[in-house]
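My request is simple: use the sequences and hints to build the entire structure.
Next come the chains, spelled out residue by residue.
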Amino acid sequence: MPGVGKTTLAHAIATCLGLKFQRTQFTSDLLPADIIGVSVYNRESSRFEFHPGPVFTNVVLADEVNRATPRAQSALLEAMEENQVTTEGETRLLPQPFFVIATQNPSHQIGTFPLPESQLDRFLMRLELGYPDAQAERALLNGTDRRALLASLKPHIGPEDLLQLQREVQQVHVSPALLDYLQALLNHTRQDSAFAHGLSPRAGLALLHGARAWAYMDGRKSVIPEDLQAVLPAVVAHRLSAANGDGGTATGTRLAEQLVQQVAIP
Amino acid sequence: MQIACVHWLYMAQQPISLSKRPITARETFGLGAGFLLAGLAHLLRLPLWLSGLICVIVFWRLYLAHRKTAAPRKWLLVLVALATAGGILLEYRTLLGRDAGVALLVVMLAMKLMETYTQRDGTLLGFLGFFLLVTNFLYSQTIGTALYMLACAWVLITVLIAMQFTGAWPGWYRPAQRAGLLLLQAIPLMLVLFLLFPRIQGPLWGLPHDAHAGLSGLSDNMSPGSLNNLILSDAVAFRASFRGRIPEARALYWRGPVLWDYDGRTWTAPRFVFNAEELPAGEPAIEYTVTLEPHNKRWLFALEFPMQRPPRAVVTRDMQLLSTTLVRNRMRYDMSSHLQSTYGADDSESVLRRALQLPDGYNPRTLRHAQELRRKFSDDRQLVNEVLAGFRNENYVYTLSPPLLGEHAVDEFLFDTRRGFCEHYASSFTFLMRAAGIPARVVTGYQGGQVNPVGDYVLVRQADAHAWTEIWLSGAGWVRIDPTAAVSPARVERGIASALPSSDALPMFVRGDFEFLQRMRLTWDSVTYTWNQWVLGYNPERQRQFLANIGFSDATWQMLAVILFVCAGTAVLLGAMLALRDLRANRSDLVRTAYDHFCRKLARRGLPRNPAEGPMDFAGRAAQWNSQAGQEINAISRDYVALRYGTDATAESIREFKRRIRALNL
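One line per chain: the protein sequences are Z and G, in this order.
Under our numbering, the first sequence has 125 at position 125, and the numbering climbs by one with no breaks.
Position in the second sequence (first residue = 1) + 1000 = our numbering.
The set of hints was computed from the structure by calculation and includes no laboratory data.
Facing chain G, a subset of chain Z residues (Cβ under 10 Å, in silico):
{"#": "1", "residue": "His173"}
{"#": "2", "residue": "Val174"}
{"#": "3", "residue": "Ser175"}
{"#": "4", "residue": "Ala177"}
{"#": "5", "residue": "Leu178"}
{"#": "6", "residue": "Arg220"}
{"#": "7", "residue": "Val223"}
{"#": "8", "residue": "Ile224"}
{"#": "9", "residue": "Pro225"}
{"#": "10", "residue": "Leu228"}
{"#": "11", "residue": "Gln229"}
{"#": "12", "residue": "Val260"}
{"#": "13", "residue": "Gln261"}
{"#": "14", "residue": "Val263"}
{"#": "15", "residue": "Ala264"}
{"#": "16", "residue": "Ile265"}
For every residue, glycine included, the Cβ atom is placed at its ideal position computed from N, Cα and C.
This is the structure we're talking about:
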C-alpha cells in the first residue's frame, strides 16, 4: 500500500541511529550491478576501479523489491545473508551495522516476481504500517512537510553505540524453560496439518533474537514467554502459509495468531 | 542409558493424561488387534456362537472406526450385553467358575471395545487386556503359552504406548521398540519376584472345580477295554529322572491302583485301605525323582517297592502311594525304591481271605481247570509255573484288538479266543490263582517307559499303562507275576510298540518310526521337562534350596519378604533415580509445580489461566479481576518469571516462592 510512510520511517530510523541511508527503487530492468556496484575502467590510472553500489551503506531501503527479476533480488539477498559482496573475484565487506528494509507490492499485481520462501525466510520481520489512526492523521495533515522534518532530525546515537547495544542484547538470558516453549512453537508448525510447512531453524533463531531485543527494550535481563509472543507475529507471519493453499499476507498473520493461541506454555 | 518409561512419559512432552481425546481409527485397530490376539486362545475354546458373536462385535467396531461413524445406540448395546449374559447362563448353567467366567470376561471386553471412543477408555481397555491375558494360565502353563502371552503383552504395551503419541505418527515400529525395551528392562524385576516371592504349596491361585475335567489316567477299577483307551493315548503320565544308572526296562514296574474285588466283569479297588506300618528296608536302593502330571486321582506312582514316603502322602498296606489330596497340579517328589524285596509275608488271614474271593456262578470251566491243576501240583510255585508255561506255549496272542468277550469272560479268553492284552492276562491269571486257592490280586500301573537320552530321564506315557498280578506265597509274601511277560516278553523288555503286530493302531509317536521326528519330539519333551522342573515346579522346597545356595539357609517367609522388598525396592529406586535425574536437574520444575498450584487456586475462584497465556499477561488480567489481591498476584508472577526464566533461582528463593503461594488468600 503506497503512501503510508514506509520510506519516511526507514529514513527516520537511519537518521536517529546515525546511520548512512540509501534508497533503491527496484524495477524489472534492475541489474545486480546496479545494487552492489560495478568496476569501471579508469583511463588515467589504466585500471578498473570499483564503484560501490547503493548496498554499501548501513540501511538499505529496497523499494518494491518484488518488481525486480529474481537475479537482481538474489544479489541483494545474498548481501543480506553474508554481510559481504563478491564481484569479479573480490570479496568486499559491507559496513557494520547493516540492514535492509524492503517493501513489497501485493503479489497479484502485474509485473511482480514473488519472492520464494527461501528468500523470504532471510527477512527478520515483516511489519505492516497500515493507515494511521484519526488523531495521528490529523497531526500529519496539520503539520509541515515530513521531508523537512526529517532533515531537522539529529542522530541520537552512532553506529558504534548501536553495535554495543546489539552486543548487550545478546547477553539477555534465555532459560531452558523458555527454549522449551520456543521449541514447542516450532514443533507445532511442523506437525500441525494446518501449516503448509514448518518454521525453519533460522526462524527459531530470528524469534530468539527478536525476543531478546524485546526483553532488552523492556529493561529485563531475561526473556519471558510474553516477549516471544510479542515479536512472534512480525517474525513468522511472512514465513507461514496455510496448507490449503490460500495465500496472501493476511493468512500468515492469522496463522501466527493461531500459533500463539494453540501452543501451551510448558 | 535412559529408561524407556521416561521416554514414554516424555514422548508427548507432557505427562500421561487420561484424556477425553477421541481415539483415532489407528488406535482402535491397535486395540482390536491386541484384544483379538490376547483372546485368541479363548476364542478357540469358547462355544462357536460366542466366538462368532465376539468376532462380529470387534469387526463391527473396526468398521465403525474405518467409516468414522458414531457409536451404536446405548440401548442396543445394553440389549446385546444382557442377551449374551443370558446365553452364557444357558450354555454353562452358571456365571461363575472358570469357563463361564472367562466367557463372560471375553464378551464383555468386546462390548467395552464397542463403546471405547476416548483415549481414557482405550487406556482402560488396554490394561484390562492384561487381565484377559492372565486367564490363559488357567488353562495351560506350557512354554508355548508363556511365549504366546509374552507376545500378546508386547502388542498390548505397544498399543498403550501408541495411544500416548501426539503429533506426527512415527509408525508402529517406534512404539513396538519402546515396548520391547520396557519388557527387557522388566527382566531383572521379574527374576527377583519369581525367585524371591514367598511361595505357597500349589499354584498361586486356586483353580475352580471345573478346571480338572478331562484328565486321563488310571482309575480304581478295571473292566475289559478300560486300559485299552489309555494305551491309545500318548499323553505323558509322568517323568522320572534317576540318580545313577537307569534300570532296565523290564524292571520298571510303576505301581498304581491295587484291585482286589472282582464281580465277574470289573476289578475294583477296596474303598478303605490301611496304612502300612513299616516300609520294606534293605539295600541297595534306586533313587529317583518323579514329576507327575495331574490326573485328578490320589495315586502317586513309584517303582516296586517304594522305600520312602513322599511328603503329604501315605503308603498303604498293599503298597500303594496315596497323596492326601487329589493330584490336580503337576507334582514333584523324590523317591527311593527297592527292586527285589517282597513284603507282606505276615499278612493276616482276613486279608488273604479277601484275596481269594470269587463271584459265584462265573467261569465254570476255569474253576474246573484250577481244581485239576491243584490236584496235579500241591506246590504253589509249581502250579504257577505250569500256568505261565501254558500261556507261553499254547498259542496265546498279545494284541490290542481282542475279540469281544461274553458273560464268562475268563473262560472264553482262556479256552476260546486266546487273544488279548495285559488286562485280559492279569484278570484271567488272578482269577485262576484264586480258583486254585492262591491269594492273588490285580495291580495296575505303568510298565517301562521311554528313556529320553536328551534329558536323561524316563518318559512314561499313558500308552505304557499296564496290569499285572500279585500272588501271596507262604514264607515269601506277595510276589509279582506278570503273565503278559510270559506271553509276550517283548512287551516288558522293549515296550508296547514292539510287542504289538504292526496292524494294531497305536498313537503316532509311540512306535519307533520316523526317527527324525521321534528325536525332535524327545528334545522338545526334554525342554518341557526342564520348564516343568524349574519354572512351574519352583515350589517352596526349590526356593529354599536356591536360597541356601546363595547363603540364606532356613529362610522363613518373613525373611523372604524382607529380601524381596530390599531387592525389588533397590531395582525400583535405581530406575526411578535414573528416570528422575532429568527432572531433578532442573529446579524450574519445582517452580513450575508451585506455579500450577497458584493457577489452580485462581481457577477455583473463577479465573482460569489459558495454557497459552504468558504469566505476566495472566497477572495483569488477574489484577484487574481482583484488585485487592492484585498486588500479591503481581508479585508472585514476577517471582515466578524471575525463578523460571531468570538466572537466580536458589533453593531458598524457591521455598519462599512456595510459601508465598500457600499464603495467598483470595
